[in-house]
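A.B. asks: From first to last, the protein sequence lines stand for chains H and L.
Mapped onto the UniProt record's numbering, the consecutive letters of the first sequence carry residue numbers 1 to 439.
Mapped onto the UniProt record's numbering, the consecutive letters of the second sequence carry residue numbers 1 to 389.
Since the hints were derived computationally from the structure, they do not count as laboratory data.
Treat the hints with care, as some may be off.
[Unchecked claim] As a list, the in silico BS3-like pairs of lysine-lysine whose alpha-carbon atoms are at most 25 Å apart:
1) L:K76 to H:K99
2) H:K308 to H:K257
3) L:K198 to H:K61
4) H:K279 to H:K215
5) H:K63 to L:K106
6) H:K13 to L:K136
7) H:K106 to L:K136
8) H:K99 to H:K13
9) H:K29 to H:K50
10) L:K136 to H:K24
Listed below are the residues making up each chain.
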Amino acid sequence: MTHQQNTLNDPMKMYRDKRDMARKRVTDKYAIQGFISSGTYGRVYKAQSKESDGRIHAIKKFKPDKEGDVVTYTGISQSAIREIALNREISHENVVALKEVILEDKSIYMVFEFAEHDFLQVIHHHSQSRTAVPMPVLKSLTYQLLNGLLYLHNAHIIHRDLKPANILITAGGVVKIGDLGLARLTYQPLQPLFMGDKVVVTIWYRAPELLLGAKHYNKAVDVWAVGCVMAELASLRPIFKGEEAKLDAKKNVPFQKDQMLKIIEVLGTPEERDWPGLKNLPEYSSLQRLDKYHDRLGEWCRTRLNSKEAFELLRQLFAYDPDNRLTAKEALQHKWFQEDPRPTLNAFASLAPNQGYPQRRITHDDAPSMIPLPAASQAQTQTQAQQLAQVQAQAAHLSQQLSTHPHSGKAGSAASFASLSGGAAGVGSGHARKKTRLG
Amino acid sequence: MATDFWVSSHYLRWNVDSAVLRQARAEDIQYVDHPEYLDFLALFFAGLIAKLGKKLSLRQRVIATATVFFRRFYLKNSYCETDPFIVIAACCYVAAKAEESPVHIKNVVSEARSLFSSEATTLYSGIKTFPSDNAKLAEMEFYLVGDLECDLTVFHPYRTLMTLCWKEGSDVISEAEAGELGAGIDDGPRYWGTGEGKLEMHEGALQMAWFIINDTYRSEICLLYPPHLIAITAIYMACAIHQETRGDIEKQTQSGAYAFSGSQGSQGLTRRSSRPSSSSYKRQQPQDIVGFLAGLNVNMALIATITQEIVSLYALWDRYSEDATTDSARASLKRSASGSRPEIITPGLLIQLLWRMREARSADLSGAHSTPGRPVAVNKMLERAQAAG
Ligand SMILES: Nc1ncnc2c1ncn2[C@@H]1O[C@H](COP(=O)(O)OP(=O)(O)O)[C@@H](O)[C@H]1O
Ligand SMILES: [Mg+2]
Numbered sequence: 001m002t003h004q005q006n007t008l009n010d011p012m013k014m015y016r017d018k019r020d021m022a023r024k025r026v027t028d029k030y031a032i033q034g035f036i037s038s039g040t041y042g043r044v045y046k047a048q049s050k051e052s053d054g055r056i057h058a059i060k061k062f063k064p065d066k067e068g069d070v071v072t073y074t075g076i077s078q079s080a081i082r083e084i085a086l087n088r089e090i091s092h093e094n095v096v097a098l099k100e101v102i103l104e105d106k107s108i109y110m111v112f113e114f115a116e117h118d119f120l121q122v123i124h125h126h127s128q129s130r131t132a133v134p135m136p137v138l139k140s141l142t143y144q145l146l147n148g149l150l151y152l153h154n155a156h157i158i159h160r161d162l163k164p165a166n167i168l169i170t171a172g173g174v175v176k177i178g179d180l181g182l183a184r185l186t187y188q189p190l191q192p193l194f195m196g197d198k199v200v201v202t203i204w205y206r207a208p209e210l211l212l213g214a215k216h217y218n219k220a221v222d223v224w225a226v227g228c229v230m231a232e233l234a235s236l237r238p239i240f241k242g243e244e245a246k247l248d249a250k251k252n253v254p255f256q257k258d259q260m261l262k263i264i265e266v267l268g269t270p271e272e273r274d275w276p277g278l279k280n281l282p283e284y285s286s287l288q289r290l291d292k293y294h295d296r297l298g299e300w301c302r303t304r305l306n307s308k309e310a311f312e313l314l315r316q317l318f319a320y321d322p323d324n325r326l327t328a329k330e331a332l333q334h335k336w337f338q339e340d341p342r343p344t345l346n347a348f349a350s351l352a353p354n355q356g357y358p359q360r361r362i363t364h365d366d367a368p369s370m371i372p373l374p375a376a377s378q379a380q381t382q383t384q385a386q387q388l389a390q391v392q393a394q395a396a397h398l399s400q401q402l403s404t405h406p407h408s409g410k411a412g413s414a415a416s417f418a419s420l421s422g423g424a425a426g427v428g429s430g431h432a433r434k435k436t437r438l439g
Numbered sequence: 001m002a003t004d005f006w007v008s009s010h011y012l013r014w015n016v017d018s019a020v021l022r023q024a025r026a027e028d029i030q031y032v033d034h035p036e037y038l039d040f041l042a043l044f045f046a047g048l049i050a051k052l053g054k055k056l057s058l059r060q061r062v063i064a065t066a067t068v069f070f071r072r073f074y075l076k077n078s079y080c081e082t083d084p085f086i087v088i089a090a091c092c093y094v095a096a097k098a099e100e101s102p103v104h105i106k107n108v109v110s111e112a113r114s115l116f117s118s119e120a121t122t123l124y125s126g127i128k129t130f131p132s133d134n135a136k137l138a139e140m141e142f143y144l145v146g147d148l149e150c151d152l153t154v155f156h157p158y159r160t161l162m163t164l165c166w167k168e169g170s171d172v173i174s175e176a177e178a179g180e181l182g183a184g185i186d187d188g189p190r191y192w193g194t195g196e197g198k199l200e201m202h203e204g205a206l207q208m209a210w211f212i213i214n215d216t217y218r219s220e221i222c223l224l225y226p227p228h229l230i231a232i233t234a235i236y237m238a239c240a241i242h243q244e245t246r247g248d249i250e251k252q253t254q255s256g257a258y259a260f261s262g263s264q265g266s267q268g269l270t271r272r273s274s275r276p277s278s279s280s281y282k283r284q285q286p287q288d289i290v291g292f293l294a295g296l297n298v299n300m301a302l303i304a305t306i307t308q309e310i311v312s313l314y315a316l317w318d319r320y321s322e323d324a325t326t327d328s329a330r331a332s333l334k335r336s337a338s339g340s341r342p343e344i345i346t347p348g349l350l351i352q353l354l355w356r357m358r359e360a361r362s363a364d365l366s367g368a369h370s371t372p373g374r375p376v377a378v379n380k381m382l383e384r385a386q387a388a389g
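Chain L on its own, in the form it takes in the complex (with noise of 0.2 Å):
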């Protein structure tokens, strides 16, 4: 299995196409004034996730398991129907077990209820009605388990960046590989592509890469492609980012070095253990990155599609912030500008849309007069009537 991502729960059951997406948010999109905003509550969770995470002193990969996790269940569930925060909680909890790393689930209580209600303090205090039981998370985390249907096993982008990239000493994936070092990783082969050896990247642009599939979890992109897609997608972000990466890789591409050169995987692997020093080897002859790439004969078509959406990701995110100040004063500012919708996404309005989401909701099914201006609930309610009808 660990070999094998292709026969994998992960790949057999929870990699799903943008439709399957658009279902799943079926019954939330009705209850905002914009798609959007389902986007920026994606990012908003998983910010969530990746603070109670750290104050947890979780490895990023429990976070990102947790984050996969959270992501599972709201293609079951709606958000409107539902606590995210308490889900979020959960996802944690089961993560950390899920990744051999277990937290005390009191701990999981108490950071999450304070987390949660510091997040809320600026403008809605709804939230404080995080559980301070534990049989509450407990409860959830069977629920959850149960979404789930019991595949706790996650790929992540991590472990191909690391299969591609790791090197004895470097600093960014040393907190990942702090396994049985004893006896060295236990690399394995490799499920994807055709390429041999190791790509030595600069130690900047590995952590760059390192940072951007960090980012991926912010978005619903851990869902709809392959781990190793992803890994491969920060790479080459990170390539044409990093400025040292750049200039080597221009410098190839004049010379013409980068064309197909039969010989990199083995050139690969005779530099994974020589150079203890690599940087000056470097400048003089750099490894040919692009050829490196090219020869691990992945899907390019869809490594665009992904660049896309992370940089579709980042320019969501440039829209949002969690400054407190922000909420209060740019926030309404910007809205009272812009006309309804606000420039500016904060935490604070986000925690009130959702809660408005489940009121309107709520008030729905319950059958209550919708109030004015909710042509969408409206709608809903005659639906209903039509398909009772």
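If we strip away everything but chain H, and leave its shape as in the complex, we get (with noise of 0.2 Å):
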């Protein structure tokens, strides 16, 4: 075929190619190591980068937006394409940065700086060890968690999504919120956000406007689920473990029953006088017919976060009326912060060298489906695979915990992320939300 029929045939033919033959590969760039988690918008990966200064990255890799089971491409997903957008605007220190997207055979590879830690696995760390988070630990990192959401919400970004495994943690101590799939623009939104998804937030960390069933909310969602976080860094566990109910069969949202009782149950039944407007709440009737509880959040917090001051946080960062819930920005001056221990830019300053956290489990497992590991491993040299059998060993070790541990059920049922596109004109059925989003 001559290249006079082919333009006419395929006039973009050239122009792939073009674009193809210019293109890296990722595995050109980055020798994959192994693979780090999966979820369901796709799997992450810890890579080196070939270039001299052999950083170590992790490598999120989208998984094409299928449509149903049927593996028909319908292009990129929504959460990749806000995940990008996002991403590709922001900077801070308190923040994941992206350092580049390459896109291959349909699918979207960020490439992400590599954070050692996470608050998730601090936690199983301490809850394995029967030991508590040092305070001077639970302090840096709730207050870095703080200063890298008061980024965000000042950039209008509200993250939707915050929970220990979103969380990240260098090894330096630094924490790096992560996961914007489910971050979202405020500024002038084009259609209300609950219009979008329907569902944000996994369940134990969703604030009780969510719950209730608040058409309109905003960054002080955010800030509920830092409380959530930091009562979890002091406990070990969630705060509020609640069951999640299920959507039932046209997709409606049900009342989180369950998930209401236990916030009720520490923070006591929210009453008109400290939250204006709840009565006019979709679910206040449903709320009303729980059991009537006291606030024991004092009590709660003597056996748990030994300071008067971190409990009158907590209790800010718990109030009903998201209106009177302290912002970021607030929570950052608050007096708990400016006691001692102060909060430490190496969030483990005060560990001693032998206290220090256990770096990521990679494994090996299924990775060969995804990128071809075979390139990466060749290029290992003998102490990488020694290595490699090492943390296969550990891998195994960690799937027996997750199954055993209270973090193991990933953030309640498969619904608990589902965000149902219910909004926008002549979207149908919303394709590319309807999935359900596991953590």
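Put the two chains together into one complex, using the hints given.
C.D. replies: Take a look at the structure:
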């Protein structure tokens, strides 16, 4: 076929060929060391840059968006577009940095700076060793988390999925908020937020206004989640660990009765006087039907957070009325952070060398199906091969741990992340986002 | 980010100067008789994006984002080496997602097919090659996002217009403010200028500013200037064109009242919330518009340049017609009257032109003999021969 015929039948062929030729492949630039985690949207790998600096990265690979079970490629998922679009604009010490995005064979690879730890892992570690998170560490982690959140909120971004697994920490003890897959710009949205994603935030971290069906919510949902995370650092288990009610056949979001109950058991039943507008919320009547409880947060804190100021902060992060809840900025100015021990830039600064947290575990089992590993493992030196064996042993151990530990049930049931698209005109069933999202 | 244009990808990577723009068209310009045709193509394509956007019920801002994506794509590519129609469809598809109001891929494909085939019925049927396969559009999306370097957050002048002029109950702006309004618009601090407060414009003038902003996307203005300056230009122009507003300004100018009153900021502020029905109030004491705009403290030389660009765009647009009968009759008449260049440009003509450009380039590349009367192609081959030798 001549050039000319070619261009007329498939006018973009030459263009694509040109781009394909110029494209660097993931495995040209990175040596994949192993597999870190798998979620609904994709997988995360640990990889070493082949550039001279040999830096370590985490590469998040998005699966192509599928329609139901049929493998017809329908384009880049809303979640990937969102995460990419936001990450390209932001830059802050306490938000994980996107180094580059590689597009290859219908898959998207987001290359992030590597973070050795995360909040979930720190919590695991202490719960395993039956020790508490040392107060200087707990306070520094909370402070840096709020600091990253302040940046996002100032940039008009609501994260909407803050939870221990999504909050990373570098080996140097710097908190990095990750996973902007559910985050949204709130700057002059074209449609109300609730119309896009009916269900946001993993159930244990979900703010009461969301549970009560509020049509309008804002940054305060993230602050609630920070309260939950801080409490979890203190007690090593989720403070409000409710059972998630499933979506009904019509994909309606049911009232999350058990989750609401878990909250009021600790914080007491909310009253109109501390939350004006409470009566107008769609699920108010459902709330009325629950047993009444008194506020027991003080009691809860006494055994877990031995500081009056810490209790005060938590109290204000858990204000029922979102308008009354502290903002990230106010929280950072809280007295607790001004009293000793002060938060440190390296959250682990107070730890003795032998007290550090274990390195992130990586596995190799299912890697071949994703990024071609052979190329990577060929490049590996003998020591790396040894590490690999070690890692596999650890992985086996980890999967055991995960099945016994309370955190294993990743954030309630599958439906906890369901983001049902209902709003946009002509979207039909909301192909791009109807999938259920796992943590 | 959303607060800070100056560190955005939009400003740092995609605000280009006219030299970059010229460079981007360097290949295309070899295949047209007059550079002006490229401006007409830019106008035509933006019109198609707006049409496709309307068919897909996309909001104005989504259409604007799609248009910016299209312009950015053609900073790196030539019209003649690509298929702008599939690029247009992909731009709409990605923009809808980037603006959080997604549409289904199969809707985009079917609406694009029907639009593009109807566009071409009059003169040229080649456009019917638009694929029916979702996968083709998905594939294009992928390459598009690559060429956009994954920079998918775009700033628009609408935002500045809203920040400056938004008022409760305005029909003009209501389309843009359907957001999180339970809590009021999250309009954040301004990223430019020094002024404060709101400009209270006549509804008609506001409407006009909004339309002028829509129109700027028909040219490459959105690549050349920061959006807030485009918005302020649109406000200036609307105030100058809008009868009643102009009357107000003239009165103030005569009485000398517009001279920089130090309190304009706070005046604007109080006015924002008060005056439920301000028309009677306005007649008595209209806001000092000139003073307000001066108080914004933006580069007036740039505002003047942008005004010029918009005026030229309208002049160009005057010579463009989508009236189908024009295609066959008027265009050819005009052509014969004025020599080789037609005075009225129609979509049919432009589609033809595009196909000729594409064929010529393709012939050029495959080394076929260039047709006589295409000196540009010859020149190109000569250049290549020289470069190779
Ligand atoms: N930059 C990173 N460095 C190290 N591990 C990471 C990094 N980003 C993500 N991970 C790991 O991968 C997991 C999933 O990543 P995340 O971005 O949350 O994707 P998902 O959308 O699948 O939840 C995280 O919980 C964390 O354990
Ligand atoms: Mg996650």
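A.B. asks: Look at each hint and say if it fits the structure.
C.D. replies: Results of checking the hints against the structure:
About 22 Å separates the Cα atoms of K76 of chain L and K99 of chain H, which keeps this hinted pair within 25 Å; it holds. For the hint pairing K308 of chain H with K257 of chain H, the CA-to-CA distance comes to about 31 Å; that exceeds 25 Å, so the pair is violated. Restraint check: the Cα-Cα separation between K198 of chain L and K61 of chain H comes to about 46 Å, which exceeds 25 Å; the hinted pair is violated. At roughly 14 Å between alpha-carbon atoms, K279 of chain H and K215 of chain H fall within 25 Å of each other, so this suggested pair holds.
Taking the CA atoms of K63 of chain H and K106 of chain L, the gap is near 20 Å; set against the 25 Å cutoff, the hint holds. Between K13 of chain H and K136 of chain L the alpha-carbon distance is near 11 Å, which keeps this suggested pair within the 25 Å criterion. For the proposed pair K106 of chain H and K136 of chain L, the alpha carbon gap of about 12 Å is at most 25 Å, so the pair holds. Restraint check for K99 of chain H and K13 of chain H: the C-alpha separation of about 30 Å exceeds 25 Å, so the hint is violated.
Note on K29 of chain H and K50 of chain H: the hinted pairing holds, with a Cα-Cα distance of about 5 Å set against a maximum of 25 Å. Our distance criterion of 25 Å between C-alpha atoms is met by K136 of chain L and K24 of chain H, whose separation comes to about 22 Å.
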